[in-house]
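Listed in order, the protein sequences are those of chains A and B. Under my numbering, the first residue of the first sequence is numbered 392, with each subsequent residue one higher. Under my numbering, the first residue of the second sequence is numbered 758, with each subsequent residue one higher.
FYI, nobody ran anything at the bench for these hints, they're computed from the structure. Note that beta-carbon positions come from the ideal geometry of N, C-alpha and C, so glycine has one too. Hints should not be assumed to be uniformly reliable.
As the list claims (entries may be wrong) - Here are the simulated lysine to any residue pairs, SDA-like style, with alpha carbons at most 25 Å apart:
hint : chain 1 : residue 1 : chain 2 : residue 2
1    : A       : LYS728    : B       : PRO784
2    : B       : LYS851    : B       : ALA919
3    : B       : LYS1041   : A       : THR797
4    : B       : LYS964    : A       : ALA785
5    : A       : LYS437    : A       : LYS728
6    : B       : LYS1041   : A       : ARG794
Stated by the list, open to error - Derived DEER-like restraints, expressed as beta-carbon distance ranges:
hint : chain 1 : residue 1 : chain 2 : residue 2 : range
7    : A       : LEU801    : B       : ILE994    : 34 to 40 Å
8    : B       : ALA796    : A       : ILE707    : 43 to 49 Å
9    : B       : PRO1053   : A       : HIS648    : 46 to 52 Å
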Amino acid sequence: MTNSPAPPPGTPRSRIADASLAPSGHQAIEWARRNSPVLDGFVRNKVNDGSMRGKKVAVVVHLEAKTAFLATVLADAGATVVAAGSNPWSTRDNVAAALVDRGIEVHSTRGSTNEMWEADLLRVADSNPDYIIDDGGELTIRMARDKPDLYAQLKGVSEETTTGVVRLAELDRLGRLPMPVVAANDAALKHMFDNRFGTGQSTVQAVLALTNLRMPGKRLVVVGYGWVGRGIAAYAHAMGARVTAVEVDPVRALEAHSDGHEVADLLTALSTADMAITATGGIRAITTRHFAVLPPHAVLANAGHHDHEVDVPALIDQADSVDQVRPGVTRYRLGSKPVYVLSEGALVNIAGGLGHPVEIMDLSFSVQALSCHYLATNNLAPGIHQFPAELDRAIATAKLASRGITLDHLTEDQTDTLSEILDADTFHSWGSTGDSQ
Amino acid sequence: MTTSDNADAPDTAVGRNMIDFAADFMPALAAATNVVRAAGRLNGRRVGVALTLEPKTACLVEAIASLGADVAVLGSSNSTRPAVAAALRETGVKVFAERGSSPERSAELRDGFIDHYPEYLIDDGAFNVRRIHDQRRDALPSLLGVAEETTSGVRPLRNMAAAGMLEVPCLAVNDARTKLLFDNVYGTGQSVVMAILDATNLQMQGKVVVVVGYGKVGRGIASMARGLGARVTVTEIDPVEALAAHHDGLGVAPLMDALVDADVVITASGIGYSLIADHVAAMKDGAIVAVGGAGPPEFDPTMLGTLTEPLIWGDTVRDNIQELRVPGGNTVFVIADGHCANTSAGEGNPIEVMDLSLALQMRAIDYLAANDLPVGVHLLPKEVDDQVASSQLAAAGLAIDTPSAAQIEAARTW
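Starting from the given sequences, assemble the full structure and let the hints guide the process.
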């Protein structure tokens, strides 16, 4: 317990930093609500059909204002929500306090040790949740290992990230997934928007805010051209950077080339880089053999899932000196050559910035809320399930409607059906008959 | 009189590191300082620097001090970085800047700065040169020249000159191509858009953004916002600039019409009263207002226009975001109280852009010292502009061509 004052009645089990921070937390959550029209409208109405009443939902996602708003929507629908952070460093203490103030059980403090964080997750497990909204499978995997009885009672899991879906599929392969899992990450409204636009914008934003450097004219290397790499490259290019993409996959490399970026192997690309951002989802993308070719004053940052895409331990080994020169900017001197690493190689948009824009998380968390509701209202078999396409479409429709945007629809004579071709006496050549051209 | 922040002493080491980090990305300033050092003209001179007080301007201040000049610095209450001010004080520079100082205290600081009796003044917005002409004429005889940083400062200087009121030679550093085409376009464009995103945690994708004014700053803001996925509409009073916005693929409309659909309204006019209370009343509920031009009164919510009731300031809903309500109507969110978003809610323009502007300032005060310029508003000569641009190109490892004899001849022929 870190100076935790007596928690308010009704939430005796919470562990937060400071309950008096609640007012600013409420304000932060209200800002998220105001900019989350889908979650606050269409999704709120849909989950409010009574099916969530009395259900216990564990929310284990980076615990800041946007996540907190998701928790309140579920709580407003009658669920009992228990929340913890998916990372020891990303929790906002004021937001945690505001949730407790609303009667939601929270186990999280910012900058807690790994042991405390693990203990928090187990306390969430002890609350005996029916459903988990998970990030990286952090809670699900721990329950499988440490709380087998409670794990067996889980009714469903909705998973937020690519990494988590892979982990849970592996659990399934091992025959240790007794409940249905919805791969919320794989929803179109999640990965196409969150990973590309959300990470793209917020990464560029964090790099510039941390360094106060200029994007126009920068030679930027983007390592990995998946959804995240595409987003970063597109925004940096739009702001005037010269982007070089590095890939191991020829199709993605060709895509980067077709998008107007340079494509090169990593050593060649890094040798003229002003900045390099990793977005591979793997580890040690930039490591010992690469540091040697970097020009002086190169800036390195990571936008991929793991904290080890930039091999900071190897850099520390090689460096003659290590200094924090600005908040979130560490300078490593390799001989006389300084290179900089942002946020010590952790996810730069979360560790060094505000995380994703609110509107992006409105979409992602709408997927999560509906995914949880889908689990609660359907008797799904154990195993990994896709997020239903009609719910993807419903979220997109609600978002467009909130912007006052209308869609077109096809009329019957605009549909090209195979049966028409098969049943026709002669093959109809469009445009060759009639005088209406 | 110098000042110090007594409460919560800022971390001098943090300020020092930030200044040194910036210096590493300012090759043009380093080159300009070497040129000026070789000339030796600023040794022992009193120089006043009135710029946003943060790491980049601190680099300029330290570079001038390194020439043997006696430097005083003035920073504003809403943009001064206390840690940077503390680091500068430690080097012996006279610093007149306190973050969050009251209007009365700010006036005292300004007078203390003018009491330094600068011979050469780097001014921003012509605030000090105007004050010296108006209320502090005692500082006029010792003032040998002024280098002005911004569009909105050059304008009043030219107005003063035209009215026969200007009494010192001034250099319109702002009008140098290496300033105007970079600082105003790329620097302010990036920093204003990023400051809005950092303050709000919102996305730019799909936003309807209205940019008021399509000068250099408006162009930069519009281009950055569009690059990040916004749909941009420009409002203008100049038909040529409006036609340029149209050719750039942007919407063009009168302000009152454009405002109705705007998610974000950014002023970039550099002119007072460009956005006032009745404009606010025409906006959507929840729209965001930011100033990218010259600060108050560019956005003046106290000027009612067609409204009869004043607007009401509400809560600070996030750091740097204030609610502003129309009685019985909509609420908008104002970034940094209507001060320049990039310097008040962010760290100002990027380092490499300020490298150019501040290198020009360094050359400008030397040029004032080297030449007995008549009273009036002057431009920096082209060769100074070219040298500053060349120094940053060289640092980036970029080379350019020189015209052949035939080309030179062809360019002269008629």
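Hint check:
1. A C-alpha spacing of about 16 Å is found between A:LYS728 and B:PRO784, which places the hinted pair at or below 25 Å, so the restraint holds.
2. About 34 Å separates the Cα atoms of B:LYS851 and B:ALA919, which puts this hinted pair outside 25 Å; it is violated.
3. Under the criterion of a C-alpha separation no larger than 25 Å, the hint pairing B:LYS1041 with A:THR797 is consistent with the structure, at around 19 Å.
4. Between B:LYS964 and A:ALA785 the alpha-carbon distance is near 21 Å, which keeps this suggested pair within the 25 Å criterion.
5. As the CA atoms of A:LYS437 and A:LYS728 are separated by approximately 57 Å, the hinted pair breaks the 25 Å bound.
6. Between the alpha carbons of B:LYS1041 and A:ARG794 the distance comes to roughly 12 Å, so the proposed pair stays at or under 25 Å and holds.
7. Between A:LEU801 and B:ILE994 the beta carbon distance is about 45 Å. The supplied range of 34 to 40 Å is therefore violated.
8. Checked against the given bound of 43 to 49 Å, the beta carbons of B:ALA796 and A:ILE707, roughly 45 Å apart, stay inside it.
9. Roughly 48 Å separates the CB atoms of B:PRO1053 and A:HIS648, a value that falls within the hinted 46 to 52 Å.
Hints 2, 5, 7 from the list above are not met by this structure, while the remaining hints are.
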